[in-house]
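These protein sequence lines are chains A and B, in that order. Counted from 1, the first sequence has number 106 at position 106 by the numbering used here; the numbering is strictly sequential. Offset between the second sequence (1-based) and the numbering used here: plus 1000.
It is possible that part of the hints are untrue.
To be verified - Pairwise CB distance ranges, derived in the manner of DEER restraints:
#1 B:S1136 x A:W11: 51 to 57 Å
#2 B:E1057 x A:L4: 44 to 50 Å
#3 A:L19 x B:G1019: 36 to 42 Å
#4 B:G1070 x A:K223: 45 to 51 Å
#5 A:R14 x B:R1202: 46 to 52 Å
#6 B:K1120 x A:E18: 33 to 39 Å
#7 B:R1186 x A:V16: 52 to 58 Å
#8 A:G228 x B:G1126: 31 to 37 Å
#9 B:R1067 x A:F64: 55 to 61 Å
#10 B:G1070 x A:Y191: 52 to 58 Å
#11 A:R14 x B:E1129: 24 to 30 Å
#12 A:L4 x B:K1078: 39 to 45 Å
#13 A:V16 x B:M1093: 35 to 41 Å
#14 B:E1026 x A:R53: 46 to 52 Å
If you're looking for bench data, these hints aren't it; they were derived computationally from the structure. Note that the Cβ used here is the ideal one computed from N, Cα and C, for glycine as well.
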Amino acid sequence: MSRLIGALGEWVIRQVKELGGVILLFADALRWAILPPFRLDLLIQQMEVIGVRSTLVILLTGAFTGMVFALQTFYALRKFGAETMVGVTVALGMTRELGPVFTSIMVTARAGSAMAAELGTMRITEQIDALEAMAINPVKYLIVPRVLASSIVVPILTVISDFVGIAGGYFVGVILLRINAGPFVANIQKYVELSDIYNGLIKAVVFGLLLSLICCYKGYTVKGGAQGVGRATTQSVVFSSVAILMMDYILTALLF
Amino acid sequence: MIEIRELYKSFGEQEVLKGVNLRVPEGGITVILGKSGAGKSVLLKHIIGLLKPDRGEIVVMGKEITRMRGGELNEFRKRFGMLFQEGALFDSMTVFDNVAFPLREHTDLPEREIRERALKKLAQVGLEEAREKMPSELSGGMKRRVALARALALDPQIVLFDEPTTGLDPLVAAAIEDLILETQQRLGKTFVVITHDIRTARRVASKVALLEEGRIVLEGSPEEFFRSSHPMVRAFLSREEAPLH
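Construct all of the structure, not just a fragment, from the sequences and the given hints.
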């Protein structure tokens, strides 16, 4: 019994240590981000890798999320004769929750895992040591561009996701389920406020920051060869996803 | 040139360096021998400040470096070149971009001149035709040659080699040894090589030291070293030269 408690305690201590590590990395990255010279070239490169290459995935996930949400809410709302509210439900669902959360999780799976794997491999092949030996600060060169790019790109992808999600909802609702187009659209305009959209985007920025910090941290601190890299990659996706969902609750409570 | 005084380093419970004292003279090739796991890489990383000791001092070119931090340490590192085991080339860049990297990051030279210098360094290691290849397409020996070209890109005053011939077949190893000798003679700078390969030491060293049990047990000229009757030196030489015993 005491062994069980000991093991649990050890796990908790490990997690707190990791959390501490991530926060310290954040502080370090912040410091290096505001110190010149500003490496715009590296930032743009990462925005292309993390953002542009995720666009197709986001288009697909956003569209289908909106479509399925429209389908599900239709059957519920029809019981109350409120089908014309399907559009609002989808729009609010996308902008406030599904857009930012699904986008971040997709980006985590795609780009976050790649960050962890790439940095982890660089760590075990001494490429990060080589950077330091060549008088380049690895946090400034490797981590700042990824974290900054992620914080910029995830909100942009969220906007795209929101849009195709609502469009998908319109397609399902108006075209397939033959809800009256006029009231469908009018209700969206009436009930969806600017704050729904930009609070969703605030969430997206935070999620982007979180996922990149966690994934970079995991890769940067890899120990133990190829197995370590594999472990770090899986853990980074899992931890980032859980962190996003937990932060989602906190932010929703604070913002809405 | 480099003076290491009473250096101690532990990783958790494991004591790796237990009072290392070593003098690396200016110019020439100093070889630090030691068996695998003896702490040679750890020692080398201290010289360039990648690791900080628990106790002790390292004086390089008149400056004590263990208490240097950030910007000062970085400036200082520009006078070093380091060749890591297996090269540590950046695998997302071509051979050419790897060699040009220090020039692009640390100088304001125009791209044309960077190109000229990088190609010259590559030619000196005999790999100019490989310039558009990716590191994953290179053999072990080629990777290390590119890494040497990169380490020399900024014309450093001290070059550190971490096991330059380990893992290479005898012919390729000999070619790397030749390259190290030839480069040092041409540039006249200070080279520090760590290895467990006695043959490499015999071929390139102008000074030899043995790292055993966390300390330098003997340092001296090659003649002094290889003829020494110090028991640890004799044990090391006989074990390494006849591994089937």
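So, going through the hints one by one against the coordinates:
no.: 1; hint: B:S1136 x A:W11: 51 to 57 Å; verdict: 38 Å, violated
no.: 2; hint: B:E1057 x A:L4: 44 to 50 Å; verdict: 48 Å, holds
no.: 3; hint: A:L19 x B:G1019: 36 to 42 Å; verdict: 38 Å, holds
no.: 4; hint: B:G1070 x A:K223: 45 to 51 Å; verdict: 25 Å, violated
no.: 5; hint: A:R14 x B:R1202: 46 to 52 Å; verdict: 48 Å, holds
no.: 6; hint: B:K1120 x A:E18: 33 to 39 Å; verdict: 46 Å, violated
no.: 7; hint: B:R1186 x A:V16: 52 to 58 Å; verdict: 54 Å, holds
no.: 8; hint: A:G228 x B:G1126: 31 to 37 Å; verdict: 35 Å, holds
no.: 9; hint: B:R1067 x A:F64: 55 to 61 Å; verdict: 58 Å, holds
no.: 10; hint: B:G1070 x A:Y191: 52 to 58 Å; verdict: 54 Å, holds
no.: 11; hint: A:R14 x B:E1129: 24 to 30 Å; verdict: 50 Å, violated
no.: 12; hint: A:L4 x B:K1078: 39 to 45 Å; verdict: 54 Å, violated
no.: 13; hint: A:V16 x B:M1093: 35 to 41 Å; verdict: 38 Å, holds
no.: 14; hint: B:E1026 x A:R53: 46 to 52 Å; verdict: 51 Å, holds
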